Structures are given as C-alpha cells and as structure tokens.
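Taking the hints into account, I'd like the entire structure generated from these sequences.
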Amino acid sequence: MTSSLGAELSSCEFGTLPGVWVEQHDLPDQAGTIADILTEGLPIWTPLDQQCQLEPLLLQHLQAADDKKDGSKEQQHHIGILLFGDSVDYRIARSFCNAALGHGLEHMTDDGIARHHNLTGICQTPSLTVAKQHISSASLDGPYWWDMIFPPVPSISAGIQKFTAMEGGPPDVVMIASNFWDIAGLYFHGGKKFEGTPLEHRIFPQDYMTSWTQNFTTILTHLQESVPEGTLLAYHTEHMPVQTTDLSKWETDAFLCQHVAQLNAASRHVAQSLGFQVVDFEAMAAQLPKDDMLDDITHPKPDFLLQVLNMLLNIEHEHRRQQHRQSSQQQHQQMRATGRVRWMQHHKGNLG
Numbered sequence: 031m032t033s034s035l036g037a038e039l040s041s042c043e044f045g046t047l048p049g050v051w052v053e054q055h056d057l058p059d060q061a062g063t064i065a066d067i068l069t070e071g072l073p074i075w076t077p078l079d080q081q082c083q084l085e086p087l088l089l090q091h092l093q094a095a096d097d098k099k100d101g102s103k104e105q106q107h108h109i110g111i112l113l114f115g116d117s118v119d120y121r122i123a124r125s126f127c128n129a130a131l132g133h134g135l136e137h138m139t140d141d142g143i144a145r146h147h148n149l150t151g152i153c154q155t156p157s158l159t160v161a162k163q164h165i166s167s168a169s170l171d172g173p174y175w176w177d178m179i180f181p182p183v184p185s186i187s188a189g190i191q192k193f194t195a196m197e198g199g200p201p202d203v204v205m206i207a208s209n210f211w212d213i214a215g216l217y218f219h220g221g222k223k224f225e226g227t228p229l230e231h232r233i234f235p236q237d238y239m240t241s242w243t244q245n246f247t248t249i250l251t252h253l254q255e256s257v258p259e260g261t262l263l264a265y266h267t268e269h270m271p272v273q274t275t276d277l278s279k280w281e282t283d284a285f286l287c288q289h290v291a292q293l294n295a296a297s298r299h300v301a302q303s304l305g306f307q308v309v310d311f312e313a314m315a316a317q318l319p320k321d322d323m324l325d326d327i328t329h330p331k332p333d334f335l336l337q338v339l340n341m342l343l344n345i346e347h348e349h350r351r352q353q354h355r356q357s358s359q360q361q362h363q364q365m366r367a368t369g370r371v372r373w374m375q376h377h378k379g380n381l382g
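Quick note: the sequence shown uses my numbering, first residue 31, plus one each step.
What the hints contain is simulated information worked out from the structure, not anything from laboratory work. None of the values given here were measured: they were computed from a predicted structure. Yeah, the Cβ is synthetic: ideal placement off N, Cα and C, and Gly gets one too. Warning: the hint list may mix true and false statements.
Claimed, not checked - With a straight-line cut-off of 27 Å between C-alpha atoms, the simulated DSS-like cross-links for lysine-lysine are:
| no. | residue 1 | residue 2 |
| --- | --- | --- |
| 1 | 320 | 223 |
| 2 | 279 | 192 |
| 3 | 320 | 222 |
| 4 | 331 | 320 |
| 5 | 331 | 279 |
| 6 | 279 | 320 |
| 7 | 222 | 279 |
To be verified - Just the calculated beta-carbon pair ranges, DEER-fashion:
| no. | residue 1 | residue 2 | range |
| --- | --- | --- | --- |
| 8 | 256 | 235 | 30 to 38 Å |
| 9 | 195 | 302 | 27 to 35 Å |
| 10 | 58 | 171 | 46 to 54 Å |
| 11 | 195 | 134 | 16 to 24 Å |
| 12 | 172 | 256 | 16 to 24 Å |
Written out as structure tokens, the structure reads:
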C-alpha cells in the first residue's frame, strides 16, 4: 500500500502560480487588503486558482510595527527574512522599512564600499525582520561590476553570520537571485563594450551557460548547507529592464531581454532541481507596462516590491503549515506502527 502523505500535503506554490493583475477599483470594497499599503496605484497580483489566494499577511507585520510605536505589548510569531542579491533585493527590504518605520535600512557591516553603495542593510520590527546581503554575481571569483568584490560563497556565509548575530538566530526564509550583475560585470570588464564578450551574441555561448549554471548550482548548494534544515529557501527570476542608448550603462546590451531571459531559465532550473521555491518576477512583470512598474530603467517601484514581500510571507506561511502537517502525520504514522507492533506482540500466541 503506497503512502498518501505527498498527495495530502499538496500546497499552493504562490511564486509560480498563473495569475493576473487586477485594478484596485475592480477589487471587492473591503478593508484589510494589500491595497491598503500601496501608494502608487499599482494593480494587485491575483492568482487565478481560487483555492490559492494571497492573504494580506504583510499588513499584520506593519500593524505590529505601529503597535510598537504606540507601546503595545502584543506579540506574534516573529519571522526573519534574508535576501541575497543586488539593488533590486535591497529595495525590497528598504520598501518594507519605509512602510513599517518610515525610514531606510540600518547598515549590517562596517565595510566602506558596502555602506557607501547601500549594498547591505537590515530592518528589524517586532514581528518581521528583512535584511539584504550583496552578492556580486554568480561568478565564484570575478571579475565583478565596478570591481565591487562580494563573491557569492563567502558573502552568503558572512550574511548568515551577521543576520544571526543581530537577530539572535538564523533566518526563517532566505531568497537569492543573480542576473543583472552578471550581465553588468561582463560589460564593465569588456571595457564597457560588448564585442569580445559573451554579450555580443544574441544567445549566450554554450560554454558560458554551462559554467554559469555550474557556478549557480555551487552557490545554491552552499546556501542549503549553511542554514538549518527546514529553512524556507527561495529564488526569484528577474524582470526585463528598459533598454537604453546611454553607453555608460549595461542596459545598452543589444540583446538585453534575451540575456536576462536565458539567465532566468538557467537559474530557475537550478533552483527547482534543488527544491527551492521560485518567485517569478519575469512572469509577473511581463503583464505590466514598464512605466507602471519601474522607478527607472531597472528598479521596480515599491508597490511591486511590497507585493513580492507579501507573496514571500504567504509562501513562508504555507511552508510552516506544511511542515506542521507533515510532522503531525509522521507522528500519527509512527504511533500507528508502534500500536501494530504492540498488538502483534500481545496476540502472538493466538496468531499461531
């Protein structure tokens, strides 16, 4: 008889569920929705599966931050989130801190480059901490964009160590991404030219993609081995930036969208093969006009990033629920097996 444990533990994988953006005025007129914290009128990302709808969990944490300001003593389950990536990930943490506390992030390091360029930061509130640690790309040893050297493997170890020291425990959730700085690094070290680099091809050369995929596998495996069992591990794809003619910017890449999409595909494959949850920025952003979504040519607006954070909280809630159910069912199965052994021992004489 096969176990039904896997079937019974089916869950909503919010990060990859098909969905659409719904205008705020088309939503039911009710309080306590994610629209309550958005300031730029962005539509609301809504999964099409009616059994898997996003709850406004971020609102609870913003309320907890307000309660702290008012002197309330009410406590709730604390969640720690650590992000590894670039300035997009920094802005996720900063958007939360601005919404919760009305100011930006605290520094996590004394490193002068990191402080000057806002590469790392942390926002601590009574019920939710969000922190960001920089990784310079999926290259294990560079060269890196603007020679800002934060190799992924040691940066992951350092980020977890710093987070644990500041929070008194490891993160509950870790999300990682690498894409834009990989392209930017190739451009910068090509002399701000594309000729003679993998970027001159509309399709990355196979040897480059093979090496990149192997590196990203090493990075994600190191991350898995660096956190306690049961930590929610996630990865996000990247949206498409706006191509520009400004030669000082890597977004002048003639095959920009193709290169971003290829790195998304490779990293998505690695993440899924290692059991990471995937949050698909690429699919979500494809439905929005660039002017609605982006603050500039690359960075999403806070309304988008806060919805991503709310989605991540829903994924964490589902992850915790599934762990509890799995633990309960395993205990039940163990008790049942123990009961069967005792019954067999008690009735051994009668069975002969």
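Outcome of the hint check:
| no. | hint | in the structure |
| --- | --- | --- |
| 1 | 320 to 223 | 26 Å, holds |
| 2 | 279 to 192 | 32 Å, violated |
| 3 | 320 to 222 | 25 Å, holds |
| 4 | 331 to 320 | 10 Å, holds |
| 5 | 331 to 279 | 20 Å, holds |
| 6 | 279 to 320 | 18 Å, holds |
| 7 | 222 to 279 | 8 Å, holds |
| 8 | 256 to 235: 30 to 38 Å | 31 Å, holds |
| 9 | 195 to 302: 27 to 35 Å | 32 Å, holds |
| 10 | 58 to 171: 46 to 54 Å | 53 Å, holds |
| 11 | 195 to 134: 16 to 24 Å | 21 Å, holds |
| 12 | 172 to 256: 16 to 24 Å | 21 Å, holds |
Taken one by one, the earlier hints fail for this structure only at number 2.
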